[in-house]
Amino acid sequence: MRRTSPIRALIAAVLALPILVTWPTPPPRAQAPEVVVYSARHYGQEAAFDAFTRKTGVNVKVFSGQTGELFERLKAEAERTPADVLVTVDAGNLWNAARAGLLAKVDSPELVANVPAHLRDPEQRWFGLTVRARTIVYNRRNVTPAELSTYEALGDPRWKGRLCLRTSSYIYNQSMLATLIKRHGEPRAEEIVRGWVANRPILINGDTKILESIAAGQCDVGVANHYYLARILAKNPAFPVAPFWANQATTGTHVNISGAGVTAHGKNRANAIRLVEFLSGPEAQQMFADLSFEYPANPQAAVNPLVARWGAFKQDDINVAAAGELQAAAVRLADRAGYK
Amino acid sequence: MPDERDSPAAGLGGATLSSRPPPSLWTVAAVAIAAALAVPVLAVVSSLAHPVVEVWAHLWRTQLAELTLNTLALLAGVGLGTLVIGTALGWLVTSYEFPGRGVFEWALILPLAVPAYVIGFALLGLLDYAGPLQTALRHHLGPAAGLPDPRAYWGVVLVMTLVFYPYVYLLARTAFREQGAATLETARALGRSRWAAFREVSLPMARPSLVAGTSLAMMEALADFGTVATFGYRTLTEAIYRVWYGMFDRVAAAQLASLLLLFALGLLLLERALRGRARFVQSQRRGPGVQRVPLSGWRAGVATAGCALVLSAAFIVPVGQLLLWARDAAAGWRTVVPAFGTVLGNTVLLAGATAVVACVLALTLVYASRLHPSMAVRAATRLSGMGYALPGSVIAVGVLIPVARLDHGLAAATEWLLGRPAGLILTGSAAVLVFAYTVRFLAVSLHTLEASLLKIPPSFDDAARSLGAGVGRTLARIHLPLLRGGLLTALVLVFVETVKEMPATLLLRPFGLDTLAVAVWERTAESQWPEASVPALAIVAAGLLPVFLAIRLSSRGR
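Chains as they are written, first to last, in the working numbering: chain S, 1 to 340; chain C, 1 to 558.
Among the hints, a few may not be true.
Stated by the list, open to error - What follows is a set of in silico ranges between Cβ atoms, one per label pair, in the way DEER data are often shown:
hint, chain 1, residue 1, chain 2, residue 2, range
1, C, 152, S, 57, 50 to 60 Å
2, S, 141, C, 274, 53 to 63 Å
3, C, 32, S, 56, 46 to 56 Å
4, S, 248, C, 142, 37 to 47 Å
5, C, 32, S, 116, 51 to 61 Å
6, S, 117, C, 60, 32 to 42 Å
7, C, 66, S, 240, 35 to 45 Å
8, S, 194, C, 66, 14 to 24 Å
9, C, 145, S, 200, 13 to 23 Å
10, S, 312, C, 135, 30 to 40 Å
11, C, 65, S, 32, 51 to 61 Å
12, C, 135, S, 200, 17 to 27 Å
If you are wondering where the hints come from, they were derived from the structure by calculation, not from laboratory data.
Quick reminder that beta carbons are idealized off the backbone N, C-alpha and C, glycines included.
Construct all of the structure, not just a fragment, from the sequences and the given hints.
Quick look at the structure:
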């Protein structure tokens, strides 16, 4: 045998690295009771999970990821999934998970009482936890609220070259288009979208970017989720953009949700239901409202003071499930209308 | 079968196999590697079995032509941009002396460590209407002054060129340096001007490396989703996500992804064609280095300014933006610091493991092609690199689905044997994650090593073999030492790519094993850029480390 040089030892060690790193470790046996959450929502929910653990002694293990991919993982794991609860944003995504049989029906009077009917699945497989209003925003210097009324009216020629929109690839826009279809039928919805397109909107990806563009004067009006504006205003109260509650005289402002459902094949069903109930209860709802500027789904919780200043508004009370049912149709409509 | 002439009785199994000459093992290894790595790609392509006619018809009616043209235009722009900038900078730092050259030589690699989405977001923030540049222009020149909206073709090409030029630069620099002084001086002695010597000697000799780097950049551009989404530029990849997330139709999305593979195949053919039929090999490697020509006056100024401009746009601005955010987001530090060591450790271990696996596999493949350039081996080599041209989440799901199927089979078998419920062990294991990374990034090590190996003269092999050295000994004593530069480059590139990788990490990582990319995603998903800046800076730092290491190692011994 030849002596082993340090270089050889180093090479051997480096080559052994992959084996050490990838050696499969069996999942540890659960000690304390726990609930496993697959979550596509990250911000501002850890505090609520901690509070749940303090109250019940049940640990919450969170696996975060992107919605479309979490859906695929849940589906691929099927009856052997470790996930007990799915938390995600956008009603369309929840609808899609329910349609694929990934979520179980939950009979819970508490959830029915806590979450208004239009913010939950009619078949009780998912429940809205927070509300996101997608409304009109405008530059306070260049636009007076009297000039604004509805989403439909953003197709008015007066907004030609003054309108900023996100692309139609953005899921919240797709959900909004879906509810437009539900309300007005496809032909009328397409007419509305063609009206926006005729105004040659500046397409900007990112709600925050839209708000900054409006503030800088690149455009005067736009559509954005309310909490992005709240975040900016919290840091910079002089920011010259304000929200306008759209469609108050007609259908109400479009809202979307982040929400949760209990998985169809979870192992800890009882605790999973307890967790979702807790998240819809006043204590957790207050945490959501305070941390994220979103509206709590549960009307018992108070709205964040910064957002409360904007006043109460009428929500579009169409069931948010429409966002899922008609989302594919909404994408096709946008393609036909030339809304990129 | 490649080795028919050696073994007419190939079908007879083990006995014949062992009586074959040892080299056929390389063929077997290459085909086996390709078969394993092709599974996820085939899982994506298999979606074509059930065409979603209505989606295709809809796309055909509305936008397929536009998407295809946009994709081709993007590839052309990014290919040309990275080729020109990467080659020019590589030539500049190896052949001339100008102020700052010593720093630029290594600093120009740095953008590699910055995730593409960071560069894209920072440059958009700098260039768009509300950004500081245009605001200043309006302030000084009146409200009508400004730039065209960067959310357009030119903006995307600019950003992707800045993000991906280091591939070409890195390979070009190595190639130019390895050429040594002798070749260039011979050309000069034969009366060629410096420029003519570059055009007629250095450039053709470096062609395999330049083409390899450029085709990597173009494959990246093909698979990119983050930048095109940020800039609202619609490509086939953007359409994949639109169909997948927007229409909830993953099958149709996978079919669109199969179309991307056609583009990737086209790129490979282009690469083969452009690499040229002529083989340039370097017989003399350790000659004196190129004597750099000092530049003076405006020429030196232009050289310094050009390097500085590229470096600023691709590295200093994005990292500066991250630093500004990090200063604003004290909360970001608080959330990251407690688990930071673990998260950093996970990232480095996974990336290190992937780099080693990818380079060992790539070396096996390129070496098999050198020993047995048969159809089977060549096809295996090409197939193994295809994962690179697919968007990250598409390939991640392509890994997930077959692995989960296998896993369910294993669990069912365990349950049958032990009579108690069994969980999934492969899905969400580090092994599968490293496998996914390898599927995605093998092309990087493959192209790099291939370009290096092509430059070693076959006469070396013959000489070693005729002196009685076996294949293994020839590889260990002759090729590996000569490949050191290429191997280091390949290791570093795969490592850095893995550190930055996001979609496969998110989908396939083991429970509780978080990496820096996950930490970034959890914050950017809700547009919390300031909070994301701290882990993003850590990604840059983790990527810089091996880059520096490689520079040190590659500059030693010359």
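Violations among the numbered hints: none
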